[in-house]
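Chemist: Sequence:
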Amino acid sequence: MCTVSFIPDCGRVYLSSNRDEKHTRPHALPPAVFSSNGYEIQLPLDPVSNGSWIAARNTGDAAVLLNGAFDKHLPLPVYRKSRGKVLIEIISAGKPVEEFEWYDCNNIEPFTLILYVQQQLMECRWDGLEKHIRELDANTPMIWSSATLYDNRIAKQRQHWFQDWLNNTREINTPAILDFHKKGGMGDRQNDLVMNRENQLYTVSITSICIDEDQVTMDYLDLKIGSQHRSNLNLLPILSTDGQTHP
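Be aware that the sequence shown starts at 1, since it is given in our numbering, and climbs by one per residue.
Hints listed in this document are in silico derivations from the structure and should not be mistaken for laboratory results. As the structure is a prediction and not an experimental result, all values here were calculated from the model. Certain hints may be false.
[To be verified] Under the rule of at most 27 Å between Cα atoms (straight-line distance), these lysine-lysine pairs were calculated in the DSS-like manner:
id, residue 1, residue 2
1, Lys22, Lys85
2, Lys183, Lys81
3, Lys131, Lys224
4, Lys131, Lys156
5, Lys72, Lys156
6, Lys156, Lys81
[Unchecked claim] Ranges between beta-carbon positions, derived for each pair:
id, residue 1, residue 2, range
7, Asn152, Lys131, 34 to 40 Å
8, Glu213, Ser36, 37 to 43 Å
9, Ser36, Pro237, 17 to 23 Å
10, Asp104, Thr169, 24 to 30 Å
11, Asn107, Gln159, 31 to 37 Å
12, Thr169, Leu129, 14 to 20 Å
13, Asn173, Arg134, 25 to 31 Å
14, Lys183, Asp71, 41 to 47 Å
15, Thr169, Pro77, 28 to 34 Å
16, Gln159, Pro237, 36 to 42 Å
17, Pro175, Lys224, 31 to 37 Å
Built from N, CA and C at the ideal position, the CB exists for glycine as well.
Using the sequences plus the hints, can you model the full thing?
Modeler: See the structure below:
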């Protein structure tokens with residue numbers, strides 16, 4: 001939940017996430033498709049919270065979670081609900097951005113939620129006191145780093161790695177993006193995209209979503225056991241102005 005990239009390219013949109021977790025966190029379940037509120041939603045599942053850090057649904061909308069908002073915060077001993085459950089509830093709503101606007105975030109740990117909804121890119125933050133919503137340019141590639149693990153200097157350095165990779169990559173596709181999310185960095189195990197801090201906190205998985213005109217594909221690399229999974233979800237047909245449905 002700690003490094004996220006967004007890349008639009010040639011009619012496709014890619015959302016990818018490196019999940020950094022404590023070594024004591026139980027193993028997550030690979031992506032599967034679930035039904036919620038009339039939508040089909042694909043996501044990997046965290047067995048502790050029964051939540052997730054990344055999800056896409058059969059409308060072509062998607063959500064990705066990062067821990068923290070703007071700055072590193074001091075966690076409370078107990079929160080009333082996991083952020084992973086918040087993600088699932090918001091992406092299951094008919095209007096996810098509006099759902100975040102009215103959602104009761106009191107006593108929920110600060111988070112950043114990246115929403116791609118109806119081809120709009122929204123950055124939604126809860127800092128523990130207030131919500132902050134910002135629409136971003138959905139035609140521009142972007143990268144985020146969790147405020148709880150990476151300070152501004154490291155976050156800016158990662159932005160430079162990302163831009164250098166974009167400038168030197170001939171073809172944008174899922175394998176190329178996964179390769180960047182695996183190898184991005186300067187050999188600093190503390191802060192590379194696949195990070196490891198004294199074997200206590202490290203990157204446990206990489207997930208990449210590709211949204212095209214008729215389906216969503218989710219690729220999941222489980223770095224703890226070295227396995228790879230792919231899940232496909234067909235998009236709902238679109239009702240056009242002539243009353244006809246189109247894929």
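Chemist: A separate judgement is required for each hint: does it hold in the structure or not?
Modeler: Now for the hints, and whether the structure bears them out:
1. Lys22 with Lys85: holds, 19 Å
2. Lys183 with Lys81: Distance of about 34 Å is beyond 27 Å: violated.
3. Lys131 with Lys224: Distance of about 34 Å is beyond 27 Å: violated.
4. Lys131 with Lys156: holds, 23 Å
5. Lys72 with Lys156: holds, 16 Å
6. Lys156 with Lys81: violated, 31 Å
7. Asn152 with Lys131: 34 to 40 Å: The hinted range 34 to 40 Å is violated for asparagine 152 and lysine 131, with Cβ atoms some 22 Å apart.
8. Glu213 with Ser36: 37 to 43 Å: violated, 23 Å
9. Ser36 with Pro237: 17 to 23 Å: holds, 20 Å
10. Asp104 with Thr169: 24 to 30 Å: violated, 42 Å
11. Asn107 with Gln159: 31 to 37 Å: holds, 32 Å
12. Thr169 with Leu129: 14 to 20 Å: violated, 40 Å
13. Asn173 with Arg134: 25 to 31 Å: holds, 28 Å
14. Lys183 with Asp71: 41 to 47 Å: For lysine 183 and aspartate 71 the Cβ distance comes to about 29 Å; the hint is violated.
15. Thr169 with Pro77: 28 to 34 Å: For threonine 169 and proline 77 the Cβ distance comes to about 44 Å; the hint is violated.
16. Gln159 with Pro237: 36 to 42 Å: holds, 38 Å
17. Pro175 with Lys224: 31 to 37 Å: violated, 21 Å
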